[in-house]
Every structure is written in C-alpha cells, then in structure tokens.
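Trainee: Chains as they are written, first to last, in full-length UniProt numbering: chain A, 1 to 321; chain B, 1 to 502; chain C, 1 to 170.
Mixed in with the good hints there might be a few duds.
Quick list of the computed label-pair ranges, beta carbon to beta carbon [said to hold, decoys possible]:
#: 1; chain 1: C; residue 1: P135; chain 2: B; residue 2: I197; range: 35 to 41 Å
#: 2; chain 1: A; residue 1: A225; chain 2: C; residue 2: N48; range: 37 to 43 Å
#: 3; chain 1: A; residue 1: D281; chain 2: C; residue 2: R54; range: 41 to 47 Å
#: 4; chain 1: A; residue 1: D150; chain 2: B; residue 2: K287; range: 32 to 38 Å
For the record, the hints were derived by calculation from the structure and aren't laboratory data.
Given the structure is predicted, the values throughout are model-derived calculations rather than measurements.
Even glycine gets a Cβ: it sits at the ideal position worked out from N, Cα and C.
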Amino acid sequence: MTAPFTRRVALTLAAAVLTATAAEADFPERTITMVIPFAAGGSTDLVGRVVAERMGRELGQQIVVQNVGGGGGSLGAAQVAEADPDGYTILMGTVATHALNPLILKQKPYDPVADFAPVSLLVVVPNVLAVNPELPVNTVQELIDLAKTDPLAYASSGNGTPLHLSGELFKSMAGIEMTHIPYRGSGPALTDVLGNQVPVIFDNLPSASGHINSGKLRALGVTTAERAPSFPDVPTIAETLPGYETYTWNALFAPAGTPPETIELLNAAAKVAMADPAVIDRMGTFSATIVASSPEELGAHVQAEMTKWEPVVQEADVSLD
Amino acid sequence: MDFMSNLALGFSVASTMENLAFCLIGALLGTLIGVLPGIGATATIAMLLPITFQLEPVSSLIMLAGIYYGAQYGGSTTAILINMPGESSSAVTAIDGYQMARQGRAGAALAVAAIGSFFAGTVATFLVAIFAPPLTTIALKFGSAEYFSLLVLGLIMSVALAHGSVLKALAMVVLGLLLGMVGNDVYEGTPRFTMGITAFADGLNFVALAVGVFGIAEILRNLENEHDRAVVTSHVGRLWPSRTDFRAMIAPILRGTGLGAVLGILPGGGAILASFASYTVEKRLSKNPKEFGHGAIAGVAGPESANNAGAQTSFIPLLTLGIPANPVMALMIGAMIIQGIVPGPNVAIEQPGLFWGVIASMWIGNLMLVILNLPLIGLWVKLLTVPYFILFPIIMAMCAIGVYSVNSNIYDLYAVAFFGLLGYVMGKLRFEPAPLLLGFVLGPLLEEHLRRAMILSRGDPMTFVTRPISLTLLVLACIVLVLVLVPAVRRNRAEVFTESEV
Amino acid sequence: MPTDPKIPAPPAADQTPPPPRSDKTDIVAGLLLMLTAGLFGWQTTGLNIGTTLRMGPGYFPAILSGLLFLLGLVIFVKSFRSTTEEPIGRIAWRGMLLILPAPVFFGLTVRGLGFVPSIFLATLIASMASMRMKPLMALVLSVIVTIFSALVFSYALGLPFRRFGPWLPF
Numbered sequence: 001m002t003a004p005f006t007r008r009v010a011l012t013l014a015a016a017v018l019t020a021t022a023a024e025a026d027f028p029e030r031t032i033t034m035v036i037p038f039a040a041g042g043s044t045d046l047v048g049r050v051v052a053e054r055m056g057r058e059l060g061q062q063i064v065v066q067n068v069g070g071g072g073g074s075l076g077a078a079q080v081a082e083a084d085p086d087g088y089t090i091l092m093g094t095v096a097t098h099a100l101n102p103l104i105l106k107q108k109p110y111d112p113v114a115d116f117a118p119v120s121l122l123v124v125v126p127n128v129l130a131v132n133p134e135l136p137v138n139t140v141q142e143l144i145d146l147a148k149t150d151p152l153a154y155a156s157s158g159n160g161t162p163l164h165l166s167g168e169l170f171k172s173m174a175g176i177e178m179t180h181i182p183y184r185g186s187g188p189a190l191t192d193v194l195g196n197q198v199p200v201i202f203d204n205l206p207s208a209s210g211h212i213n214s215g216k217l218r219a220l221g222v223t224t225a226e227r228a229p230s231f232p233d234v235p236t237i238a239e240t241l242p243g244y245e246t247y248t249w250n251a252l253f254a255p256a257g258t259p260p261e262t263i264e265l266l267n268a269a270a271k272v273a274m275a276d277p278a279v280i281d282r283m284g285t286f287s288a289t290i291v292a293s294s295p296e297e298l299g300a301h302v303q304a305e306m307t308k309w310e311p312v313v314q315e316a317d318v319s320l321d
Numbered sequence: 001m002d003f004m005s006n007l008a009l010g011f012s013v014a015s016t017m018e019n020l021a022f023c024l025i026g027a028l029l030g031t032l033i034g035v036l037p038g039i040g041a042t043a044t045i046a047m048l049l050p051i052t053f054q055l056e057p058v059s060s061l062i063m064l065a066g067i068y069y070g071a072q073y074g075g076s077t078t079a080i081l082i083n084m085p086g087e088s089s090s091a092v093t094a095i096d097g098y099q100m101a102r103q104g105r106a107g108a109a110l111a112v113a114a115i116g117s118f119f120a121g122t123v124a125t126f127l128v129a130i131f132a133p134p135l136t137t138i139a140l141k142f143g144s145a146e147y148f149s150l151l152v153l154g155l156i157m158s159v160a161l162a163h164g165s166v167l168k169a170l171a172m173v174v175l176g177l178l179l180g181m182v183g184n185d186v187y188e189g190t191p192r193f194t195m196g197i198t199a200f201a202d203g204l205n206f207v208a209l210a211v212g213v214f215g216i217a218e219i220l221r222n223l224e225n226e227h228d229r230a231v232v233t234s235h236v237g238r239l240w241p242s243r244t245d246f247r248a249m250i251a252p253i254l255r256g257t258g259l260g261a262v263l264g265i266l267p268g269g270g271a272i273l274a275s276f277a278s279y280t281v282e283k284r285l286s287k288n289p290k291e292f293g294h295g296a297i298a299g300v301a302g303p304e305s306a307n308n309a310g311a312q313t314s315f316i317p318l319l320t321l322g323i324p325a326n327p328v329m330a331l332m333i334g335a336m337i338i339q340g341i342v343p344g345p346n347v348a349i350e351q352p353g354l355f356w357g358v359i360a361s362m363w364i365g366n367l368m369l370v371i372l373n374l375p376l377i378g379l380w381v382k383l384l385t386v387p388y389f390i391l392f393p394i395i396m397a398m399c400a401i402g403v404y405s406v407n408s409n410i411y412d413l414y415a416v417a418f419f420g421l422l423g424y425v426m427g428k429l430r431f432e433p434a435p436l437l438l439g440f441v442l443g444p445l446l447e448e449h450l451r452r453a454m455i456l457s458r459g460d461p462m463t464f465v466t467r468p469i470s471l472t473l474l475v476l477a478c479i480v481l482v483l484v485l486v487p488a489v490r491r492n493r494a495e496v497f498t499e500s501e502v
Numbered sequence: 001m002p003t004d005p006k007i008p009a010p011p012a013a014d015q016t017p018p019p020p021r022s023d024k025t026d027i028v029a030g031l032l033l034m035l036t037a038g039l040f041g042w043q044t045t046g047l048n049i050g051t052t053l054r055m056g057p058g059y060f061p062a063i064l065s066g067l068l069f070l071l072g073l074v075i076f077v078k079s080f081r082s083t084t085e086e087p088i089g090r091i092a093w094r095g096m097l098l099i100l101p102a103p104v105f106f107g108l109t110v111r112g113l114g115f116v117p118s119i120f121l122a123t124l125i126a127s128m129a130s131m132r133m134k135p136l137m138a139l140v141l142s143v144i145v146t147i148f149s150a151l152v153f154s155y156a157l158g159l160p161f162r163r164f165g166p167w168l169p170f
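With the hints as constraints, model all of the structure from the sequences given.
Mentor: Printed below as a string of structure tokens:
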C-alpha cells in the first residue's frame with residue numbers, strides 16, 4: 001500500500017502546517033457521514049444508528065448513516081480508508097473489519113492499523129454457544145464429551161465471521177472435531193438449529209437471547225471472560241476451557257491523517273453518547289457492555305485482537321480471496 | 001374464541017388515531033417512492049427505513065409494514081406500466097401486465113392487481129392470526145433437503161413462464177443460475193466469476209439485473225422504431241376491468257392466495273416462489289394457455305395475489321420465531337431490537353398489544369392501499385400518455401438513483417448498463433427475461449441447500465428421498481415435469497405440422 | 001418480442017408455409033450460448049470441484065456450464081431445421097450509445113461531482129437517445145428531473161449523497 005502511504009505523509013505534512021488554523025476552525029460545520037459496513041437492520045447498524053443520533057446532538061451537526069454492505073464489511077471499511085481525513089467520514093468498525101478480514105482476506109483492500117485513526121471502542125457484545133434442547137447435553141463439558149464420540153455439526157452466520165472463528169477456537173481448545181455449517185447470516189442459521197437440522201450453534205447473544213429465554217435453545221456458555229449481565233445463570237465457556245474468550249465489538253474509526261483535535265472532539269462526543277441513560281438502556285437490550293475507550297486504548301485493542309486471532313485463523317485455515 | 005379477543009385487542013391498538021396515521025403515511029410513502037420507475041421495494045425500504053427508527057415500537061413496526069406493502073404495490077405498478085419490476089415477484093406481473101398495458105388495458109391490469117392483492121391480504125391476515133403458532137412448527141420441519149426439493153419443483157415450474165421455445169427458456173434458467181453464482185462461495189469464501197471486483201463479492205444486485213434485462217432493454221426496443229412512428233401506445237382504453245375480466249380473475253385470485261399463503265410460511269425462500277408458482281398453475285389450468293405472455297388477465301391476478309398472500313404469511317416466522325424470511329423482515333427485526341423488543345417466540349406473550357396490533361395493521365394497511373390506489377389508477381394510466389421521449393430519460397434517472405441508493409455501490413450502476421445490453425440482445429434472439437430472473441434468484445439457494453443437505457447427510461444423496469416431505473416434493477416435481485414437457489412436445493409437433501400445411 | 005404494440009402477435013407467420021430452412025436468429029443464439037458456457041466453464045477451471053460429500057465452489061458451476069453448452073448446442077443444431085423466420089429487425093444503435101452510458105456516467109461521477117451535477121448530466125445524456133428530443137427540451141427536462149430528485153431524495157428523504165462533490169471548486 002504505497003499510494004496511501006505517500007498520501008498519508010503528504011497529508012500529515014499538510015496537517016502539520018495547517019494545525020494552527022485547523023484547530024481554530026469549529027470542526028463539525030456540516031453533516032458527518034457514518035459508514036456502516038453492513039446492511040441496514042443488523043446489530044452493527046443498530047448500534048451505529050443509536051450512537052450516531054446521540055453523537056450528532058452532542059456535536060451540533062447531524063450524523064447521517066450510510067450503509068455500505070458487502071465483502072463481510074470490507075467494502076465499507078475500504079471506502080472510509082480512502083475518504084478525506086477530515087473527520088466528516090467515519091466508520092463503525094467491528095471485529096470483522098479490523099481484526100478478522102485483514103487476516104483472512106488474501107487481497108487486502110486496506111490496512112486496519114495504518115489506514116485508520118482510532119476514535120473509540122464503543123461496546124463489546126458476547127457470543128453464545130447454544131444447542132437444540134433435544135441434544136442431550138447441559139454443559140460445555142458434556143458437549144465436548146459427546147463430540148468426542150459422536151460427530152457433531154455446528155452452525156454459524158457465515159464463513160470467516162467472528163462466530164465461525166469462535167467455533168474454530170472452541171474446537172481447537174477443546175481438542176474436538178465438529179463440522180462447520182455456514183449460513184448467510186444469523187437468521188437462517190438459527191432457524192436450522194431451532195428445527196434441529198443442526199444441533200449446535202455459535203451466535204451473537206442478542207439474536208439468540210429470545211430463543212434462550214423461551215427455552216427453544218439451550219445456552220451452554222457465553223464466550224466472554226465474565227458472565228453476561230443479562231444472563232447471569234449461563235456460565236462462561238472459559239469456566240470449562242480456561243482462557244477461552246471471544247466477543248464481537250463495535251468501534252469508531254476515522255481515516256488515517258485526521259487531525260488529532262478532530263479525533264478528540266469525536267471521542268468526547270462518543271463518550272457523552274455512551275453515558276446517556278437512553279443509550280445505555282438500548283445497549284442493554286443488545287446485551288452489549290459499554291466501553292467508550294480512548295483512541296489509544298482502541299489502537300491497542302486492534303493490535304491485541306489481531307495477535308489473538310492470527311493463530312486461530314491459520315489453524316482453521318480460513319481464507320478468502 | 002381466543003383469537004377473536006386477540007384480534008380485537010390488535011384492532012384496538014392499530015386503530016388509534018396515531019397508529020392509523022402512521023399506517024397511512026407508511027402505505028402512502030411506500031407507494032409514492034415505490035412507483036417511481038426503477039425504484040422497487042428494496043430501494044424504497046432502504047430509503048424510508050431510517051424514518052421509522054424515531055417512533056414508538058408499535059408505530060414504527062406498523063409504519064414499516066405499511067411501507068413494505070406500499071412499496072410492493074408501487075413496484076407492481078411500474079412493472080405493469082413500463083416493464084420495470086423492482087423485485088422478483090413483480091417480474092412475473094410484468095410478463096402479462098405490461099402486455100395488457102400495451103394493448104390499452106393498463107387500467108384493468110392495475111385494478112386486478114389491486115383487488116387481488118387486497119383479497120389475498122385479507123385472507124392471509126386471518127390465516128396469520130389463527131394459525132401462526134402451529135404453522136411455525138411446520139416451517140421448522142423444512143431442512144436443507146426439503147428446501148432443495150422445493151426449489152427443484154420451482155425451477156421445473158419456471159419453464160412454464162416461457163411463451164416461446166421451451167429449450168430457450170431452459171437455457172435462460174441455466175444462465176440465470178450461473179449469474180446467481182457470481183460472488184463469494186458461502187462455504188469456502190472463494191470468489192467466483194467476480195473478475196476480481198470485490199464489490200461483486202456478495203453477488204450481483206437483483207435490482208440491477210431486473211431493471212436492466214426488463215426495463216432498459218424495453219427502452220432500447222422502443223427506441224429502435226422511432227423513425228417511423230409514435231413509440232408507445234398512447235391509447236389508454238377503459239380504466240376499469242370489464243365483467244368478463246372480473247369473472248376471469250376470481251379463480252386465479254383464490255388459487256394464488258392459497259399458494260402464496262402456504263409458501264410464504266417457509267422462511268428459506270418459499271415466498272420467492274409464490275408468484276412464479278401461481279403463474280405456472282394458471283397457465284396449466286387455463287383454457288387458452290397461448291394467451292399467457294400476451295396479456296392474460298389470470299397471469300396478473302394469480303401471481304399478484306400469491307405474492308401478497310406470501311408477503312403476509314412470511315410474517316409468521318418473523319413474529320413467532322423472530323426469524324426473517326427476507327431482507328425486509330430482517331429490517332423489521334432490526335426495528336424491534338432498536339426499540340428494545342427482543343424478537344422471538346415470547347413476543348406474542350409478553351407484548352400481546354404489539355403482536356396483534358401489527359397483525360391487525362397489516363389488514364388495515366391493505367385496506368388503505370386499495371382505497372388509495374383504485375382512484376390513483378386513472379392518474380398512473382395517464383402517465384402513459386406522456387410522450388415516450390420525455391418519459392424514458394426520467395426513468396433512466398430514477399433507475400440510477402434507485403439502484404445506487406440500495407448499497408451505495410457504483411458497480412451496481414455498471415451492472416445496470418451491462419444487463420440492459422444483455423436484455424436487449426436476448427430480446428433480439430427471442431430469449432425471455434423471466435426465466436433468467438427466476439434462475440438468478442433461486443440459483444444461490446439451490447446450491448446452498450444442496451451442498452448443506454449433502455454435508456448434513458454425510459454425503460448420502462438418499463437423504464432427498466428418505467425424508468418424507470422432500471420425497472413428496474420431488475414426486476410433485478416429476479409430475480410437473482411430465483405435465484410441462486408432454487404438451488410442449490406435442491404442441492411443437494402440432495405446430496410443425498399445422499404450420500407447414502396451412 | 002412483438003415489435004408492434006398493438007398486435008397481440010401470434011409469433012409464427014401464418015401466410016405462406018416457409019420450407020424448413022435455417023433460422024439465423026437461433027444460429028446466433030446457440031453460438032452465443034455455447035460461447036457464454038465456454039466463458040463460465042473456463043472461469044470454473046480455477047475452482048475446486050470437491051467431492052459429492054463436500055462439494056467445492058466449482059462443482060455446481062461446472063455442471064451448469066456443461067448444461068448451458070448442451071442447450072446451446074441443441075438450439076444451434078435445431079436452428080437448421082426451423083420453420084419460423086423472424087428478422088432481427090432494426091438495432092437501436094443510438095439508444096445503446098446514449099442510454100447505456102447514462103448509469104455508468106452516474107456511477108463514475110456521483111462521488112466526485114456530487115449527486116446534483118451527476119444526475120443532471122446523466123439525464124441529459126440519456127435524453128439525447130431519442131431523435132425527437134430537441135436540445136433545449138433536453139436541458140429543461142434534465143433541470144426538472146434534477147430539482148425533483150434533489151428535493152425528494154436528498155432533502156426530503158435525507159439520503160446520504162453529497163450534493164456537490166469534491167471535484168467542484170465550491
């Protein structure tokens with residue numbers, strides 16, 4: 001990626017020269033576009049819209065949401081990576097756009113570290129390992145034992161998604177084999193597990209929670225290090241497999257080269273938004289835990305996630321061109 | 001009866017002034033945006049969705065449902081008037097609806113579509129109210145093997161969509177299936193036929209394909225003869241269906257409603273088949289099947305009813321399971337979650353007002369649509385008297401905006417141009433676009449279910465015949481195949497003989 | 001496709017019985033299908049076919065390409081014993097040259113020029129496709145379409161299009 005690099009250098013220089021004036025200018029003087037790299041209606045879209053609305057009020061300028069779906073989030077992310085680094089185009093990034101895709105994609109449309117300026121890690125969302133109630137297992141250990149004697153299959157929302165890799169990490173840490181059955185999204189995967197066409201599923205907690213509550217799905221464990229506040233009775237997978245931890249996260253990014261003052265303003269607005277009781281309430285219904293980190297923390301988080309997933313991706317031999 | 005009190009609760013929620021207003025606004029906006037040429041239901045909903053996010057949960061779902069029906073209705077209107085279907089179901093309507101319009105019977109076609117939709121919507125709403133829970137259990141019995149067999153049945157039926165050569169129709173189905181393969185493979189993520197363009201990783205855009213092969217190809221066809229005469233019919237004919245038309249539409253509407261209601265329940269793409277299946281059935285049962293493709297009223301009434309009934313019953317898996325049957329339903333789930341409602345089997349118990357309110361509003365929405373649209377028919381038909389050289393640049397502009405608004409993907413616009421050319425060439429070579437479109441829609445599903453069924457059965461192809469539902473569907477497919485092929489062969493022979501002797 | 005809108009059109013000619021002869025349309029149709037099948041087939045060669053248990057990404061496309069080729073072949077062969085002859089007719093060259101580039105132009109410029117100038121020019125290009133369209137008329141029509149689209153899509157519906165893009169000085 002040499003072209004963006006030289007451009008970045010040029011921009012940094014330009015930014016340095018202009019810093020004095022740029023800092024004086026009132027940053028949001030027109031509408032800000034938040035690119036959501038998935039279709040409308042998904043969990044990232046929902047988080048994005050709630051946050052965009054509240055942040056817009058804080059900044060005194062509307063933040064419009066633009067859904068640029070496709071390529072597992074990489075199309076939208078690439079669009080923001082190439083956008084003008086002025087803070088008027090920001091990205092609602094996820095574990096997929098900033099950790100998994102860069103590891104999985106053979107052709108890399110962007111560099112998750114060099115092409116972006118981190119703004120804030122907003123929320124983390126647990127995933128859940130659940131089974132159809134007809135499968136005679138009640139705990140993670142029983143599932144592992146069963147999988148050692150019986151060949152099992154598990155459903156996920158698609159190849160290379162965080163849920164697929166959560167399953168692969170589980171397999172490798174438990175030392176078992178399970179056939180992965182990918183679907184086009186969480187909905188169809190859930191349908192087949194509810195109908196017992198496939199016995200096991202890794203899903204986002206928000207989309208599975210209704211079925212867990214109604215008893216149509218049996219939750220064996222959540223994937224986070226701590227139990228989820230919305231499901232205190234469901235153990236963590238880590239209680240059986242120490243060290244197991246995966247989750248989905250949403251974070252704001254701006255293009256690399258965005259002036260630090262602008263990043264600060266966006267970060268401050270994000271923090272205010274995430275402290276609003278109405279937003280907290282909404283995030284609670286997604287079982288999402290609010291983080292609202294600093295830009296530096298998000299930068300470190302991206303690095304940590306890439307380090308964590310790299311061996312899993314290699315072991316599972318997942319790759320997309 | 002229990003469901004009566006439930007419905008009463010629903011109507012009391014849905015008929016508050018506020019909710020009635022949102023239902024009306026939704027239906028109206030959906031119709032108005034959806035009726036712009038080249039902007040179908042998908043684009044309409046993508047544009048209007050954000051408006052609903054600010055509202056109360058019940059109101060936002062009611063308005064979204066209104067937009068959905070309105071957009072579908074608008075999509076059918078453009079399919080009939082200018083051969084521009086915005087989604088797979090209205091592609092079927094376009095076949096005979098547009099021919100009716102060319103013969104000056106646009107008013108009749110639009111009225112038939114409105115009446116059929118309303119009737120189907122009413123019946124299906126009651127079905128939803130009465131049978132939602134038991135029907136859900138049936139839907140869950142459908143695994144990949146069953147869906148594969150159902151899709152095979154659907155593809156075989158599609159041959160009846162053609163009114164020309166069966167061979168060429170088959171070729172178009174296969175080409176459609178191949179175009180449906182474009183994009184990253186679901187199982188391994190390998191890109192196929194994308195020519196290295198990442199924007200096509202999720203496949204070609206349906207709207208781009210439909211607008212191209214139907215609408216733009218039609219514009220080009222209309223332009224080729226403008227040297228010698230006025231291009232499009234400016235004679236409008238009567239607005240209202242005649243008594244014979246009414247008689248001809250009753251049975252197709254009833255059958256279409258039944259078919260659509262049943263297929264709509266299946267969350268894995270059943271609703272897509274509804275209008276295609278209805279067209280096939282009508283053509284088979286018709287006394288003069290040759291009329292199909294040249295303006296058969298049954299070819300509009302049946303599919304439109306089936307489509308609307310299917311749209312209605314596809315709410316069953318959504319409301320009872322929280323499982324979206326199509327992208328619009330996924331948006332509905334999103335709307336529920338953003339309002340703090342966790343979709344799933346508990347919604348009906350925990351939020352009866354919302355659950356039944358939405359169901360009741362479906363019927364109210366349908367009623368509003370028919371009231372709104374019957375008077376509008378006169379206006380739509382007048383649009384046809386606008387000189388064509390003024391109309392088509394407007395169509396092109398709206399197409400461009402509509403296609404781009406769905407995903408902000410500029411490659412979709414290039415695809416429109418490509419498929420416009422393809423559609424024009426196909427027309428010149430006497431290939432028909434409807435089978436192509438069906439193949440395109442079903443292709444990815446067919447492959448996905450076939451491969452998944454094989455993995456789940458551990459490579460045993462017997463899975464398709466040992467599972468009873470799957471076996472039944474395959475037997476049906478064989479019967480349809482015989483029914484379709486035998487007369488085709490016989491007719492071809494007959495044509496050869498009669499024509500060479502006349 | 002019937003070219004005359006007013007005739008419901010029985011597709012076959014019903015005057016003189018044409019002797020069996022070759023149908024040029026179907027010759028071309030068959031050849032094009034085989035060519036398309038070949039292209040798809042060629043693109044499939046790089047894909048993993050897999051086994052019946054674990055079908056690879058190439059399995060289904062390979063079968064389909066083969067099927068398409070066969071269908072093309074049959075249509076090609078049958079075309080030499082055809083009884084219908086329908087001329088290809090006039091070709092809308094001017095239409096193709098101006099209609100098809102309109103969405104492409106919109107795609108190329110919507111981000112750079114912005115929504116308003118881009119839709120204006122795209123409409124202008126498309127409107128020139130008709131011989132009946134006078135330049136002034138085209139201009140007026142494009143202005144109206146642009147104002148309408150900007151009002152409806154950009155202002156009323158708030159679609160996230162930039163009205164004027166970075167390529168413009170203001």
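Trainee: Just pull the numbers of the violated hints for me, sorted ascending.
Mentor: The structure breaks only hint 4.
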